[in-house]
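Protein chains in written order, with our numbering: chain A, 1 to 282; chain B, 1 to 430.
Keep in mind the hints are simulated off the structure, nothing from the lab.
Possibly wrong hints are sitting among the right ones.
Said to hold, decoys possible - Pairs of lysine-lysine, PhoX-like flavour, derived with a Cα cap of 25 Å: (1) Lys392/B x Lys214/B; (2) Lys61/A x Lys85/B; (3) Lys207/B x Lys61/A; (4) Lys272/A x Lys195/A; (5) Lys173/A x Lys195/A; (6) Lys258/B x Lys207/B.
Since the model is a prediction, treat every value here as computed from it, not as a measurement.
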Amino acid sequence: MRESKSVQGTLLATPAMLWMIGLLIVPLILIVVTSFGQRDPDGNVIYTFSLHNYIRLAGIKTNCGDGAAVCFDSLYLRILVRSVGLALATTLLTIVLGYPLAYYVARAPARRRNMLLFLILIPLWTNFVIRVYAWIRILRAFDLLYTPQAVLVGMVYEFIPFMILPMYTSLEKIDPSLYEAAADLGANSLRTFLKVTLPLSLPGVVAGTLLVFVPVMGTFVVSDILGGKQFELVGNLIQGQFLDARDPTFGSAASVILMGMTLIVMIIYTRKFGFGEEVAIT
Amino acid sequence: MSMKKFRCRRGSLGLMTAVVLALFLAACGMPPATPNPIEATVSAPAEEPTGLPQSGTPAAEAPFVSRPSGQQTASGFGCPAPQPKLPVTSTELNLFVWSEYIPQDMLDCFELVYGMTINRSEYSSNEEMYAKLAQGSSQFDLAQPSDYIIAVMVRTGLLDQLDKSRLPNLKNLAPALAHVPGDPNGQYIVPYQAGTESLVYNADTIKTPPQSWKDLWNAEYADRMVFVDDPRYVIGAVLLTEGKDPNTTNPADLAAIKPKLAELIANVRLFDSDSPKSALIAGDVDLGYVYNGEAFLAAQENPAFTYVYPTEGTFLWQDGFGLVQEAPHPDAAYAWLNYMLQPDVFWLMLRDFPYTNPNQAALEYARNATFKVKDADGNEVSPAELYEAYMKSNITNPPAEIWQNGINIKDVGDALPLYDSLWTEVKSGN
Chain A
1 MRESKSVQGT
11 LLATPAMLWM
21 IGLLIVPLIL
31 IVVTSFGQRD
41 PDGNVIYTFS
51 LHNYIRLAGI
61 KTNCGDGAAV
71 CFDSLYLRIL
81 VRSVGLALAT
91 TLLTIVLGYP
101 LAYYVARAPA
111 RRRNMLLFLI
121 LIPLWTNFVI
131 RVYAWIRILR
141 AFDLLYTPQA
151 VLVGMVYEFI
161 PFMILPMYTS
171 LEKIDPSLYE
181 AAADLGANSL
191 RTFLKVTLPL
201 SLPGVVAGTL
211 LVFVPVMGTF
221 VVSDILGGKQ
231 FELVGNLIQG
241 QFLDARDPTF
251 GSAASVILMG
261 MTLIVMIIYT
271 RKFGFGEEVA
281 IT
Chain B
1 MSMKKFRCRR
11 GSLGLMTAVV
21 LALFLAACGM
31 PPATPNPIEA
41 TVSAPAEEPT
51 GLPQSGTPAA
61 EAPFVSRPSG
71 QQTASGFGCP
81 APQPKLPVTS
91 TELNLFVWSE
101 YIPQDMLDCF
111 ELVYGMTINR
121 SEYSSNEEMY
131 AKLAQGSSQF
141 DLAQPSDYII
151 AVMVRTGLLD
161 QLDKSRLPNL
171 KNLAPALAHV
181 PGDPNGQYIV
191 PYQAGTESLV
201 YNADTIKTPP
211 QSWKDLWNAE
221 YADRMVFVDD
231 PRYVIGAVLL
241 TEGKDPNTTN
251 PADLAAIKPK
261 LAELIANVRL
271 FDSDSPKSAL
281 IAGDVDLGYV
291 YNGEAFLAAQ
301 ENPAFTYVYP
311 TEGTFLWQDG
321 FGLVQEAPHP
331 DAAYAWLNYM
341 LQPDVFWLML
351 RDFPYTNPNQ
361 AALEYARNAT
371 FKVKDADGNE
381 VSPAELYEAY
391 MKSNITNPPA
401 EIWQNGINIK
411 DVGDALPLYD
421 SLWTEVKSGN
């Protein structure tokens with residue numbers, strides 16, 4: 001009986017597994033393989049094993065112009081730092097702006113709660129690019145169009161639902177009797193928030209952070225449209241290599257670095273904040 | 001206790017899902033987005049005309065007589081009948097074309113008169129189009145390359161030779177513009193439009209008008225410029241100011257201009273190939289390095305927009321349709337090309353995308369046509385009025401010496417990666 005159940009489980013999981021293998025794992029392998037290749041003048045990939053794309057990304061140059069044999073160019077490092085900075089700023093802003101809203105929705109009466117969730121989700125029904133275009137007019141009115149601030153505003157707008165929803169889920173699950181217990185034990189509302197609400201909602205913040213931080217690192221549309229293509233992020237760099245510069249090998253190498261960086265940041269992050277195990281009421 | 005445990009497991013499961021999802025999003029570059037989407041009107045590419053585009057007297061054959069097909073588009077435009085009507089068995093035509101660069105009435109009429117469905121994919125740079133075609137996606141029938149990329153596509157076998165016996169309406173083209181430079185014998189490309197790529201400024205807000213490409217570094221223009229997102233043209237202009245060949249293949253030339261290019265790029269407020277006129281008209285910027293059609297439309301919106309032909313010479317472009325190799329519907333492709341080339345169809349370019357028009361017969365047709373149509377703003381205009389505005393404007397119909405001294409962007413072969421990496425580096429440096 002147990003065995004047949006596990007066979008059933010495997011069968012049920014098969015479509016999703018095939019999907020992941022075919023559309024996630026295989027492309028990832030292709031990207032890694034391509035990143036070691038070289039381009040020909042017309043932009044076709046020649047599959048070799050060369051590290052030159054990674055050397056270029058690291059900013060190590062052999063043709064420096066000033067006679068030095070090897071020199072360092074921080075260009076791509078700066079793009080990476082800028083992207084990480086923007087992703088961090090976006091994440092922080094979505095938490096600061098989204099948390100009170102998530103809290104408000106979670107504590108609202110059940111009927112209104114669904115209504116509010118619905119309102120948060122409605123913008124997602126419209127195509128992302130169209131909504132970004134709408135921001136052109138708004139930002140123009142504030143004379144912010146084509147500035148780094150415009151990109152930040154666009155990113156926060158775009159990703160805030162992905163922060164609110166997991167935070168809401170965590171907040172909504174908190175048993176109201178915990179608040180009563182806190183009150184019975186003499187905690188004021190601030191103390192209740194700090195000792196009960198905040199720790200118990202942290203898993204939502206962690207999940208939201210991952211859902212916001214990682215995509216922001218790879219997005220290029222917002223900076224393209226609201227930054228006037230003048231605010232280069234890792235996503236723009238990668239996209240540009242595939243479409244404008246016709247160098248898929250360099251674009252792939254940049255993708256590998258982006259994924260690697262993101263993974264490292266997430267590992268550090270989850271090590272620090274855990275997976276929720278440390279969350280306990282003290 | 002048990003509740004807490006449950007919560008923890010839920011937490012880590014949710015987290016794992018989030019990690020996987022996030023990785024997936026990162027891998028895909030997140031949203032399902034096109035790089036330069038919608039909004040926009042024109043996006044003319046670039047190619048090099050070889051001669052004078054002015055319409056002369058039309059060919060002295062039997063005069064063309066437009067015949068109605070009885071069909072009408074949603075905008076109320078009466079579709080001309082195809083002349084000649086080619087035998088077509090396909091029911092679909094797959095176009096891979098510049099974003100917003102074909103009149104909607106032209107597309108609609110073709111669908112109506114041939115009972116055909118047009119599937120259209122759009123791009124906003126030659127590089128993007130080439131990158132996608134080179135991946136080997138051969139579902140397209142026609143692509144719309146311009147410039148140096150035509151030579152690259154011919155060289156790499158992405159285009160099939162045209163069977164000119166199936167293109168009787170090629171005769172409508174002005175001889176000077178009947179071939180695009182990347183295809184000197186006209187074996188691969190049916191010309192579509194031509195034009196210049198130059199500077200336009202707002203005379204109300206710019207105190208010192210630009211006269212030379214060198215003026216682009218003026219402090220007055222800093223952060224007030226829109227450029228087409230077109231590496232070869234921007235780099236070409238900088239090469240020109242330094243007295244170098246805009247089609248140089250010498251790495252030292254490109255290395256030498258890098259600081260000046262970086263300085264210029266830092267002063268550009270916005271890169272936009274789709275609709276640079278939007279930022280100009282809205283007042284976001286006051287000076288543009290744009291395709292002439294964009295400048296023309298901006299000037300129609302606000303006469304203060306003035307087009308300049310810099311002293312060192314102006315860049316020229318020409319584009320056209322090429323038959324993609326292994327096109328699934330070549331019969332539909334030939335039908336489209338002939339229909340498009342008809343005088344009573346192609347004049348629509350004067351209304352919707354006023355670049356330099358190589359179709360001599362269409363210009364002649366427009367000159368004598370006094371019926372009224374609605375333009376994009378809903379105003380009633382006649383083809384004759386449009387023709388007159390077109391001929392009068394030095395933007396769409398530049399003086400002869402502009403064409404003679406014009407500069408073509410050519411295929412640089414093995415040096416292409418040098419341009420690509422130079423562009424990546426200066427643009428990323430901001």
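Evaluated hints:
1. Lys392/B x Lys214/B: Distance ~28 Å between Lys392/B and Lys214/B Cα, so the pair is violated.
2. Lys61/A x Lys85/B: Measuring from Cα to Cα gives roughly 60 Å; hence the hint is violated.
3. Lys207/B x Lys61/A: Violated - the C-alpha atoms of Lys61/A and Lys207/B are around 43 Å apart, more than 25 Å.
4. Lys272/A x Lys195/A: 19 Å, holds
5. Lys173/A x Lys195/A: 16 Å, holds
6. Lys258/B x Lys207/B: 28 Å, violated
Of the numbered hints given earlier, the model fails hints 1, 2, 3, 6; all others are met.
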